[in-house]
Amino acid sequence: MKISFKMNGKDVSLDLDPSMRFIDVVRDVLHLNGTKEGCGEGSCGACVVLMDGKSVNSCLLPVANAIGHEFVTIEGLKETKAFDVIQKAFAEMGGSQCGFCTPGMIIAAYSLLKENAHPTEEEIRAKMSGNLCRCTGYQAIVEAVLRASEKGEGLW
Amino acid sequence: MERYKTSTPKVDFLPKVRGEAKFTDDISFPDMLFATTLRSTISRGKIKDIKIPTLPKDYYWFSAKDLKGENVVNIIFSDWPVFADGRVNFIGESIGIFVGPDKEVLHKLCEDTVVTYEEEKPIYDFSESYIHKAFTKGDYEKAKKEAVRVIKETFETGYQEQAYLENQGIIAYFDENDKLTLTGSMQCPFYIKRAVMRSCALKDDEVRVIQPAVGGAFGGKEHYPSMIGSQVACAALALHRPVKMCFERFEDMTYSTKRHPSRSEYEALIGKNNEILGLKIRVKLNGGAYRGCSGVVLSRALIASANVYVIENLDVTGDVYMTNTTPTAAFRGFGSPQTIFAMEMFIHHVAKELGIDPLELQYKHLAKKGDVTTNSGHFHDDIILKELMDKAMDMSDYKRKVKEYAKPGCNKGIGMSVFLHGCGFTGSGESEIINGKVKLIKDENDHVYCYASSVDMGQGNKTTLKKIVAKNLGIPDEQCTFDNPDTDHIPDSGPTAASRTIIIVGFLFEKCAKHLKEIWKPGVRQEYVETYVGPEYIHWDENTMQGDAYPGYAWGVNIVEVEFDPITYQVSVLNTWSTYDVGRVVDERIAVGQADGGLVQGLGYGYLETMKCENGRFKNRNLSDYIIPTFEDAPHMETAFIDNPFPYGADGAKGMGELTLVGAAPAVCLAIESAIGKNLQKIPANPEYLMEVMKHEN
Amino acid sequence: MVEKFIPKTKAEALDILSKHDCYILAGGTDLMVAKKNIAGYLPKFDKDVLYVANIDELKGIYKDDKGIHVLSGTTMDEVEKSPLVPSLLKKAISEVASTNIRHFATLVGNIANASPAGDTIIVDVILDAELKLESKDGIRYVKAEDFVQGVRKIDRKPNELITEIIFPEVNYDKEMWLKVGSRKADSISKVMVAGIYKISGKSLENFALTVGSVSIKPVRSHDIEEELKGMSLDELKKHKVAIVEEYAKLIKPIDDQRSTAEYRLTVAKNIIGKFLDEIIEGGK
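Residue numbers (this note's numbering), protein chains in the order written: chain A, 1 to 156; chain B, 1 to 698; chain C, 1 to 284.
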């Protein structure tokens, strides 16, 4: 079936089985490997991508549901000014150790800031709780998002 | 305003944050095949027959008979077969692998294979010991005669799953010179190399191992990759094609190695001045079906069994028990979280029994420089434990809170744990067994390349080791490079484990850099290799377990504040305050990261993470059933380091990779005790257990 | 060969359902887990699949005299942010899985999946919500309480599509929601309780309670609720223990990898007791 959506600003039209997991479209068909699979069942958040500006677990999204929507993966986000602010904040606070959860964290952080440009620590923890990290203990990431929100006025 | 003014930007940060870093499952090769494992469905028995289905074209089956070398995974104790041969000893044991181009076909081949077993009665309890260790100090029986009281208690700890975000995976392929090469999620490139050499009968120059980006390990990738590496190597060699095996979460969680569950019996002899005259300690660890590294885990557990306390008379024994379950292996702490939990809880309970302030009892026995250790060695270096405790108590307003939270009706609690961690391999292992080497090469442009086998799995050693080199050469950090280890180019500096990377490898690099600086000629290619020579005064007898167990110790204090919900028995961890002596901090941002991450992982071990094993089968098999802390569970953490330079450390630095996990479980349990006014003896102190405790009188 | 349909209109969807017995997939957050295959491979659907997320006429929230209508394709996130939606429902939604999931999972999907641990279902039940089921044969309304019949068993005929969930006006001014998960976020519930009430003078004018994750379907007792309506707060205090015991008889929890039957029962009783205490003290 011909399935069309926007990926990182470009129109994409592919002949795909509609039941295909979006993460498999992203990684295996579009060869965008920045998005990771940590659990395959929506618990860890490593696979999140932006769907119309909101973070969604690509391991659970069927490509049938992608039709007509706009997606951004880390590959698309990384060239933006918004990313640069977030990235610098993560670098400064130590928000990334092994790096496996990091693309998902950045996507989730961006999704959060887009909705709420000045979140409190409590709000960050609540809104990002669907992204698991085993290395950092989360505090550095919270601090990074707070820092990004300070520096990124108007970028979301 | 910069938070970490003296910290160096992490060298691998940008590729990781941009999603460009290549982890194992991001890597593919032309003509690559996949491997899927056929696993035992019973806990114990003989394999009478294996009927594999007819193999379609380009599908293959590999099992024990296809190994050209020895059918063992090369570990400290090599009793784990690469492929089960004739018998199986745990549910999930690898019997063989199907290799082919389509994973769905491979899974169907596994499903359609019929294995006929002759089942045997499995063992799940602590009845069959396959490793026994014991040592004494002083004369426990004599001390018993002087004792005015004897207090006993038993403690239990559960499994813990590493739950790294990146699942296990490994690829075997052929490099540009047609040499068998492995890349995968690993901690120890040379462990994998030697394992493949042994199981595939290859020589040193016939195997190469290259580390890609590694998504967390925590000990879980110390030995396990040697097994799956041997399996894919066997297939790759036979087919002369790349073979990849990457686990999904269910498979990783159900079949890969975990932390040893334990049961520790403590008996204290109390003297007339309320001092502990002696301790009798019996430690039982569940090793699963094969020994592997369990002997060393037991050693560490026993060496740490009296924790930071100097007790004159000790009678310590330990056993690792064979059970027909997935073998247990390395996990951050490596045996010490089990016994440090027990000892910390015990000393507090003993104090309560005696009606004295636990601090009073602890101070009586706190280790000082020169004191005799648990294994009759000596603490050769300055110990600043009391300073660490004072600072932590000050940061947290501990003493006031202890009083306040003791009031009836108050559901808040606060607890403090004090702990140590021996850095490096036990005893003289660093000099005698590992004999680590590092290399520095300076090219014609005066750019320096650092070579060692240390794997950066998130803990930042690519950044810190390079920083040590640059500092000692007096060159800018950017003039130095530390690439991911490739066994073709690196000397073996030892495994990335045992909190040895900074204290040993960092120390090696410091010396190496200093030597290179002495002979430095600008514009000329130069190289220098440094071999580890440890402190001469470290003597250790592995058989009697007597002497200096470690070249150096790191020390820590964790204070945890909780709130208990008496309706749901749930615990909220509100705040933590920690102080650490790691000699010197090489990079503050990285050190705080290790402190935070270790603590949260240790808290999970203490009150949240439950891994049930029933009849040889793990019941928590994915990240929605095995509960690790989320953003909302993790507390606000404050950390402080106090310098205490170690003479054999790079600029005085010791190790901290494991230290920051080992004290969290007793700290959170002591906090819960403070909230509920009852004693705990088991972790995880999950709500189901706390409900039992609240319902019954101890 | 499993067929996959992606209708653009409700009429199309109903037409397909009149001819095919399908899994109806809205957000997919339950079905994609239940039917998960190996990574890189299509989910293991053993019958046809109807994807309804692309039907715009199934999205939205509106209010009329019947109550508040949440169309079946509306995401949990959209429901949580709507000013029209009862706060009790928002509380339940805010604890479902994670933000990531709530961005594309649907409220109706949660009850359609009918997992005993479905967080929003006990709120649907306590608020007397009704599901609107449409087919080529017509329209049928089923109360949420009757809709869930067992574990993953619902009162939906193969040709029916849930198009709305409707929340009528209910007489209460105080609410209680407590989900006991295995951790503070991103967790499946072990026990959950929802309660609503209204005090008039010194007696209970209205009262309702539902308990989830403790039986094959949400636990609600109209008998007990009728008993309590009109009861004075003093009387309630005298009968509190007995009332908790009555609820305990209806709770049949199990042991599983997440928790134990004893824990679920004990905690459910504790929560109900605490809720009754709150009412007895005149409400907060």
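Wrong hints could be hidden among the right ones.
[Unchecked claim] Calculated lysine-lysine pairs in the DSSO-like style (CA-CA distance at most 30 Å, straight line):
no.	chain 1	residue 1	chain 2	residue 2
1	A	K2	C	K153
2	C	K229	A	K10
3	B	K678	C	K240
4	C	K63	C	K4
5	B	K407	C	K35
6	B	K407	B	K471
7	C	K8	C	K59
8	B	K412	C	K66
9	B	K619	C	K132
10	C	K8	B	K57
11	A	K6	B	K51
12	A	K6	C	K184
13	C	K274	B	K678
14	C	K8	A	K2
15	B	K511	B	K462
16	C	K4	B	K612
17	A	K81	B	K5
18	B	K407	C	K132
19	C	K184	C	K238
20	A	K6	C	K238
21	B	K612	C	K269
22	C	K174	C	K143
23	A	K88	B	K471
24	B	K682	C	K237
25	C	K184	B	K412
26	B	K179	B	K272
27	C	K143	C	K238
28	B	K121	B	K103
29	B	K695	C	K237
30	B	K612	B	K46
31	A	K151	B	K369
32	C	K229	C	K143
33	C	K157	C	K184
34	B	K369	B	K352
[Stated by the list, open to error] Over the 10 Å line for every Cβ pair with chain A, so calculated as not near, a few chain B residues:
no.	residue
35	S7
36	D139
37	E176
38	Q546
39	L599
40	M637
Just so you know, these hints were derived from the structure itself, not from any lab. All residues carry an ideal CB built from backbone N, CA and C; glycine is no exception.
Consistency of the hints with the structure:
no. : hint              : verdict
1   : K2(A) / K153(C)   : violated (34 Å)
2   : K229(C) / K10(A)  : violated (61 Å)
3   : K678(B) / K240(C) : holds (28 Å)
4   : K63(C) / K4(C)    : violated (33 Å)
5   : K407(B) / K35(C)  : violated (52 Å)
6   : K407(B) / K471(B) : violated (53 Å)
7   : K8(C) / K59(C)    : holds (12 Å)
8   : K412(B) / K66(C)  : violated (47 Å)
9   : K619(B) / K132(C) : violated (39 Å)
10  : K8(C) / K57(B)    : violated (43 Å)
11  : K6(A) / K51(B)    : violated (49 Å)
12  : K6(A) / K184(C)   : violated (35 Å)
13  : K274(C) / K678(B) : holds (23 Å)
14  : K8(C) / K2(A)     : holds (15 Å)
15  : K511(B) / K462(B) : holds (17 Å)
16  : K4(C) / K612(B)   : violated (39 Å)
17  : K81(A) / K5(B)    : holds (24 Å)
18  : K407(B) / K132(C) : violated (55 Å)
19  : K184(C) / K238(C) : violated (34 Å)
20  : K6(A) / K238(C)   : violated (64 Å)
21  : K612(B) / K269(C) : holds (26 Å)
22  : K174(C) / K143(C) : holds (22 Å)
23  : K88(A) / K471(B)  : holds (25 Å)
24  : K682(B) / K237(C) : violated (38 Å)
25  : K184(C) / K412(B) : holds (17 Å)
26  : K179(B) / K272(B) : violated (70 Å)
27  : K143(C) / K238(C) : violated (33 Å)
28  : K121(B) / K103(B) : violated (34 Å)
29  : K695(B) / K237(C) : holds (24 Å)
30  : K612(B) / K46(B)  : holds (26 Å)
31  : K151(A) / K369(B) : violated (49 Å)
32  : K229(C) / K143(C) : holds (21 Å)
33  : K157(C) / K184(C) : violated (37 Å)
34  : K369(B) / K352(B) : holds (28 Å)
35  : S7                : violated (8 Å)
36  : D139              : holds (44 Å)
37  : E176              : holds (23 Å)
38  : Q546              : holds (37 Å)
39  : L599              : violated (6 Å)
40  : M637              : violated (5 Å)
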